[in-house]
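Protein chains: 2
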Amino acid sequence: MFAERLKRVQVKVQEALDDALAFHDDIPVVHAMRYAVQGGKRLRAFLVLESARLHGIHDPEAMAAAAAVEALHAYSLVHDDLPCMDDDALRRGQPTVHVKWDQATAVLAGDALQTLAFELCCDPSLGARRIDLVTALAKASGAEGMVLGQALDIAAETAAEPLTLDEITRLQAGKTGALFTFAATAGAILAGADTRPLEDYARALGLAFQIADDILDVEGDPAKTGKKLGKDAAAGKATFVSLLGIDGARARARDLVADAEAALSPYGVKADTLREAARYTVSREV
Amino acid sequence: MFAERLKRVQVKVQEALDDALAFHDDIPVVHAMRYAVQGGKRLRAFLVLESARLHGIHDPEAMAAAAAVEALHAYSLVHDDLPCMDDDALRRGQPTVHVKWDQATAVLAGDALQTLAFELCCDPSLGARRIDLVTALAKASGAEGMVLGQALDIAAETAAEPLTLDEITRLQAGKTGALFTFAATAGAILAGADTRPLEDYARALGLAFQIADDILDVEGDPAKTGKKLGKDAAAGKATFVSLLGIDGARARARDLVADAEAALSPYGVKADTLREAARYTVSREV
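Protein chains in written order, with my numbering: chain A, 6 to 291; chain B, 6 to 291.
No lab work stands behind these hints, which were simulated from the structure alone.
Some hints here could point you the wrong way.
The list cannot tell twin chains apart, which means a pair is met if one copy fits it or any two copies do.
[As the list claims (entries may be wrong)] Here are the simulated lysine-lysine pairs, BS3-like style, with alpha carbons at most 30 Å apart:
no.: 1; residue 1: LYS229; residue 2: LYS105
no.: 2; residue 1: LYS242; residue 2: LYS275
no.: 3; residue 1: LYS105; residue 2: LYS46
no.: 4; residue 1: LYS46; residue 2: LYS242
All values derive from a computational prediction rather than experimental measurement.
Next up, chain A with everything else stripped away, as it sits in the complex (with noise of 0.2 Å):
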C-alpha cells in the first residue's frame, strides 16, 4: 500500500515541480533548479499528502504544498552540497549543482528553490488557511528550524568534543526534523485541525529517519543510495551510530517507528500508510 502510494506521489510530485519550473527564462540558474528537484524519495511530499487526506482533503488541493516541502528540501541539499559547507561531490547518484555548474549557480538556485517552496505554498488551490501553512514553513525552515540544525552541524566539524546525545538530538530536530513536522501537519493545517498527534508522530519519524541514515552511512550500499557513504566516521563526527552502538541505534530506531505507529492511533486505521512509512524510514536501503 504504501510503495505503490509513494510512488504515485513521486509521479505526481516531479509534475507539480516541472509545471512550477516551466516559466520561460532559460538561464543556467533555471536549468539548475529543474535539475536539482529531480529524483529523490519524495517522502516529505508524501506526508504532506498522506496528512491532508487524513483530514478529507484530496491530492490535487495539497499537491502545491506536498512540491513546496520538496522544492525547499532541494534547495537545503544543493547549498549544504556546496564546498564550503559538506563539499558533496555525488547527490542521488548525479553530480551535485555546484560541480555540474559552478558554485554562483549553485547558490543562486538554492536561493530560487527556496524561493519557490514558499511561492508554492501561497498557491490558491490549497485554500483560505494557506497563510498558516506559509507561516509553518517559514517557522520550520529558518534559523530556529533546518537551518539552525545546519549550523549545528558545521558548528560541531570544529568543536573540541564530539557531540553529545542531547546535542546530536537537538541538531537533528532543526535539520530534518522540523521539515519532516511541517511535513506530517500540513493537512491539519490546511483542515484547522488539531497538529499535535501528527507532530508526535513526526518527531519520532524524522529521528528514527536520521538514525537510519546514520546506519546507512556506515552500512550502507553506495551503489543504492547514491551518495557518498563512511564521511562521518572519517571525519571523526559524533552519530547516533558512535554513540549508542550499531545495535543500540537499531533498538532505539525501532523504538521510535514504535512511537510513532502509537501517536497515529486518534487516526485509526485511516493512518495504516503512514504507520507503514514509519516502518519504511528504518529498512529502507536509500
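Once you have looked at the hints, place chain B on chain A.
For chain B alone, coordinates are given in the frame of chain A:
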C-alpha cells in the same frame, strides 16, 4: 519631509528587525544575521510604509512588511558578496559576512534571512490580505525576479560581448527593480487597491536608482558609499554610464524621476514624500 521620514523609518525598521532576531539561539549564524541587517538606507522599507500610508494604513500595520523587504534585501547582499559571486570584502563600510565569519556562515545567514523575510510577511499584524503580500514577495524574489537579475549579472561577467542597453535594463528590472516594485505596491496590496500607479512609479524609480548607482560607481566617494567603487569599469562590464556616457546617464535618470513623479498623480499631494524620494534616489551620495 522625506529626510526626517526616512530617518524615523530607519529607527523603527531596525527595532522591528532586532525584535525578529531576538530569539534565544546564539549561534554564529544568528549573530551574522543580526550583523547583516544593520544599517543601509532603508529605502525599500520607506517605500512599503509610504505606500501603506497612501492607503490609510498606519506604520504599525505595515512595519512587518517593511522589515520583511529589508531582511530579503540583506539576504541578497550577503549572498551577492560571496567569493563565488561578486567577491566583495566591504559592505556599508564594514567587513562582509563571509570575511567577518566564513563562507558557510554567510550562506546559512543569507538563507535564514530569506526565510525570515517570508516569516515577517506572514505576521498577523499585516491583516487579512497578507497572503497576497507573501505571494508578491515570492514573485519579486525568485527566478523570475531578483534571482533572475543576479543570474543575468553573473552570466554577463563571462559573456563574449558587453550587454546592450535592453539587456542591462532587463537585468536591472530583476536585480533591483522587482523588490522596489514589491515595496512600492505593498500598501496597495494590503489595502486591496489598484497597484498599477505604484508599479509605474517603482519601475521608473528602480531604473533611476540603478543609473545613480552606476554613476556613483564612477564618481562616488568610497568614504561615503562604504563599498569599493570603480569595479564595473575595472571588470569591463557594461553599465548605464558606459553605454550612455555620464551626461547621457544623468539625463536619463532625470527623465525617469519625472516619469516616477508623474505616475503618482492619482494620489495628489498625499504622495509628495514619494516624489521627494524619487528625487533623492538620483541625488544621493550613498
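Hint-by-hint comparison with the structure:
For the identical chains of this complex, LYS229 and LYS105 are intra-copy neighbours only, at 21 Å inside a copy versus 40 Å across copies, given an alpha-carbon limit of 30 Å. Taking identical chains as interchangeable, the C-alpha atoms of LYS242 and LYS275 are never at most 30 Å apart, the minima being 40 Å within one chain and 61 Å between chains. Taking the shortest Cα distances, LYS105 and LYS46 sit within 30 Å of each other inside one copy (22 Å), while across copies they are farther apart (38 Å). Proximity of LYS46 and LYS242 under a CA criterion of 30 Å is satisfied intra-copy only: 25 Å inside one chain copy versus 43 Å between copies.
The earlier numbered hint that this structure contradicts is number 2, and it is the only one.
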